[in-house]
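S.K.: What follows is each chain in one-letter form.
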Amino acid sequence: MSSGNPSERFVEAAGLKVEVMSGGSGRPLLVMHHDIGNQGWIPFYEELARDFTVFVPSHPGYGKSARPDWARNVRDIAIVYQSILGALGLERTAVVGLGFGGWIAAEIALGCPHRFDRMVLVGSAGIQPASGEIFDQFIVNTIDYLRAGFANPDDLEKTYGANIDAARLEAWEIAREMTTRIAWKPYMFDQAMPYLAPTISAPLMLVHGREDRIVPLSCSERYASLVPGAKLNVLDGAGHFIEAERPNELAAIVKGFVAGGR
Amino acid sequence: MHLMYFTEQPMSAYPEEEGRKLGYTALIFSNRYFDPVAASRLYQERLDEYRLAEQCGFDGIMLNEHHNAPFCMQAKCNIFASILAAMTRRVKIVLLGNPLPISDNPVRLAEELAMIDLISQGRLVSGFVRGGGTESLATNANPAYNRERFEEAHDLIIKTWTVPGPFRWEGNHYHLRVVNPWVVPLQKPHPRIWIPGVSSRETIVWAAEHRYPYLILNASIEDCKNIWKLYDESAERAGYTAGPEQRGYLIRCHVAQSEEKALRNAREFMWMQGEFTGILDPVWAAPSGYLGPWARKFLSETHGGVYQKKPAPSFERQLRAMSIIAGTPKQAVEKLRILLEETRPSILAFWANDGKVNHEDSKACIRLLGEEVLPAVREIGDRLGLKSPFEANTPVSLAATPASELRPRAGNAVA
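Just so you know, the sequences run in chain order A and B.
Letter by letter, the first sequence follows residues 1 to 262 in the numbering used here.
Letter by letter, the second sequence follows residues 1001 to 1415 in the numbering used here.
Careful, some of the hints might be misleading.
[Said to hold, decoys possible] Simulated pairs of lysine-lysine, DSS-like, Cα-Cα distance not exceeding 27 Å:
{"no.": "1", "chain 1": "B", "residue 1": "Lys-1225", "chain 2": "B", "residue 2": "Lys-1387"}
{"no.": "2", "chain 1": "B", "residue 1": "Lys-1076", "chain 2": "B", "residue 2": "Lys-1188"}
{"no.": "3", "chain 1": "B", "residue 1": "Lys-1297", "chain 2": "B", "residue 2": "Lys-1076"}
{"no.": "4", "chain 1": "A", "residue 1": "Lys-17", "chain 2": "A", "residue 2": "Lys-64"}
{"no.": "5", "chain 1": "B", "residue 1": "Lys-1356", "chain 2": "B", "residue 2": "Lys-1310"}
{"no.": "6", "chain 1": "B", "residue 1": "Lys-1021", "chain 2": "B", "residue 2": "Lys-1356"}
{"no.": "7", "chain 1": "A", "residue 1": "Lys-158", "chain 2": "B", "residue 2": "Lys-1297"}
{"no.": "8", "chain 1": "A", "residue 1": "Lys-64", "chain 2": "B", "residue 2": "Lys-1297"}
{"no.": "9", "chain 1": "B", "residue 1": "Lys-1310", "chain 2": "A", "residue 2": "Lys-185"}
{"no.": "10", "chain 1": "B", "residue 1": "Lys-1363", "chain 2": "B", "residue 2": "Lys-1335"}
{"no.": "11", "chain 1": "B", "residue 1": "Lys-1229", "chain 2": "B", "residue 2": "Lys-1335"}
{"no.": "12", "chain 1": "B", "residue 1": "Lys-1225", "chain 2": "B", "residue 2": "Lys-1335"}
{"no.": "13", "chain 1": "B", "residue 1": "Lys-1188", "chain 2": "B", "residue 2": "Lys-1387"}
{"no.": "14", "chain 1": "A", "residue 1": "Lys-17", "chain 2": "B", "residue 2": "Lys-1076"}
{"no.": "15", "chain 1": "A", "residue 1": "Lys-185", "chain 2": "B", "residue 2": "Lys-1297"}
Everything labelled a hint here was simulated from the structure, so no lab data went into it.
Just chain A, same shape as in the assembly (with noise of 0.2 Å):
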């Protein structure tokens, strides 16, 4: 059994069951799964655990999260988050954003500027690339857009086996889904991003893998760029599913700068 005894439990918000993975002791984290959803508690929230009480929502429409049919863009998405995060009680936390879920981060913290006081975001999309485009998951299949995100194409079958079951499948399939409801055009950004995102005030480190090949590194570069104070951590060798790959250094580094370190 690990350590960080994690529970599931079920919240509601706009009228939503959502469904939230907790473990952990200490100040609260929040993090945001990507866009193939929540891949149960991973290695990475065990680490973390030690240090917070980590909190995983599945966004709604994931996960077992209800959907909302009427959602139709990631602003949505992040507008229903508010209401997660009070009925979770987490008027203030630091937050990792995966992905697509640093997208969502950083829609929160435009909507409520004070909700975060230290935010990662990890390989986030969200903004437009200054250069090259974030890789299209509807022009190819589920596996061959997993592959891609990690450095070493061989880590796919070392993360989730030679054989995906199809439950796993299944949760893949209603995560693509959302994502074609929410984000597919313009695809896995917002034009208005540029111009709202030196409004977030809370101290933010992006971290980028220098071999992601699902979210090009100009969007962490763009958003350093944009956001006063941002600081970039680019890692060699590393992909787009980090946590994945690196879950101890990605938990070290999160550890550091949540603590205050820069």
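Once you have looked at the hints, place chain B on chain A.
M.R.: Below, chain B alone, put in the same frame as chain A:
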């Protein structure tokens, strides 16, 4: 019966080896391989063939459209419909059809279709489709809202055609400040609407609930029977009894003077079933959200890389199953007789020429169909009582059906 001529308008002139090298011949197969000189010639040939089809006695010409696809040179069926409206005199111009969800302004479509109806002097049949998944990707229309957009665009077009403007439309996906196009259709209350399809249960039920004829695209006889069962049950619930006038069928059917030649040309039907073109990633055909929740397992396997598209059944097998008919006119009529007896459609579309079948052979096929096959099929149709919507003079929709002709809806009986 209503007998139509159809071809997918294949672009047969492009380097096959480039398609094979890439592994795909749609969506992302580069248009650098498009040969405009050949395409211009092929368009002229198709126009010749449509003119000939009218002369040879077809009742209608069926048109369709696809995007980013060499297997179909019609990127906009309304363009060919406009040309046919002026070029032909008698045939119905049957669009099967305009993909509604990929349109961002259905009122523009309503205007275009009204113009085609007026120029053709009331010969338009305006079918609507959802468009395949590839169409969603090629035009960047969100597949998760495909069905919602289909239904809303349809409702908006019907209102545009039947309710005097100006009115405002504030829907879920479409928002129009002033709907008031000057041009509306000649046919009243509006042109007939036929719905083609092959697999989607919701579309079959939707067509039946609107009393729109449903045209099955080349399914097996057994699948046809299942589709008609579902259609008929839905029609009963809607308050009417469906008949042959609601039933359409598209059959691949190539005829020639000799069986040998017919078989050689009919083999080209395999061309767009993945043997040469039409090679798709299954992911494109069924994007997430494009199908209802019932399809989630299938989609999770498709997108999970577990499901791989099965190759099309062999040519010989398709001949045996009569999903392809090929032979002399006499041989074709025998097969068609079985098809008509078993599935009883009143609308029959002949998908006669495909792939690299050349212009001369295409014309020979059209002449033979006109001279020998169509008269025989009409006789069979008369004997079986297969009256087309025109012959039976069916109302164009459930909404246009007088209330006195409808039974109270099941479970909704009048007190």
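S.K.: Look at each hint and say if it fits the structure.
M.R.: Evaluated hints:
1. Lys-1225/B x Lys-1387/B: holds (18 Å)
2. Lys-1076/B x Lys-1188/B: holds (25 Å)
3. Lys-1297/B x Lys-1076/B: Violated, at about 33 Å.
4. Lys-17/A x Lys-64/A: holds (8 Å)
5. Lys-1356/B x Lys-1310/B: Holds - the C-alpha atoms of Lys-1310/B and Lys-1356/B are around 24 Å apart, at most 27 Å.
6. Lys-1021/B x Lys-1356/B: Holds: Lys-1021/B and Lys-1356/B sit about 20 Å apart, inside 27 Å.
7. Lys-158/A x Lys-1297/B: It holds: about 24 Å lies between the C-alpha atoms, which stays within 27 Å.
8. Lys-64/A x Lys-1297/B: Status holds; Cα separation ~16 Å.
9. Lys-1310/B x Lys-185/A: violated (31 Å)
10. Lys-1363/B x Lys-1335/B: Holds - the C-alpha atoms of Lys-1335/B and Lys-1363/B are around 22 Å apart, at most 27 Å.
11. Lys-1229/B x Lys-1335/B: Since the Cα atoms of Lys-1229/B and Lys-1335/B sit roughly 23 Å apart, the hinted pair holds (cutoff 27 Å).
12. Lys-1225/B x Lys-1335/B: It holds: about 17 Å lies between the C-alpha atoms, which stays within 27 Å.
13. Lys-1188/B x Lys-1387/B: holds (21 Å)
14. Lys-17/A x Lys-1076/B: With a Cα-Cα distance of about 44 Å, the restraint between Lys-17/A and Lys-1076/B is violated, given a limit of 27 Å.
15. Lys-185/A x Lys-1297/B: Holds, because 25 Å separates the two Cα atoms, which is no more than 27 Å.
In summary, the structure is inconsistent with hints 3, 9 and 14 from the numbered list given earlier, while agreeing with the others.
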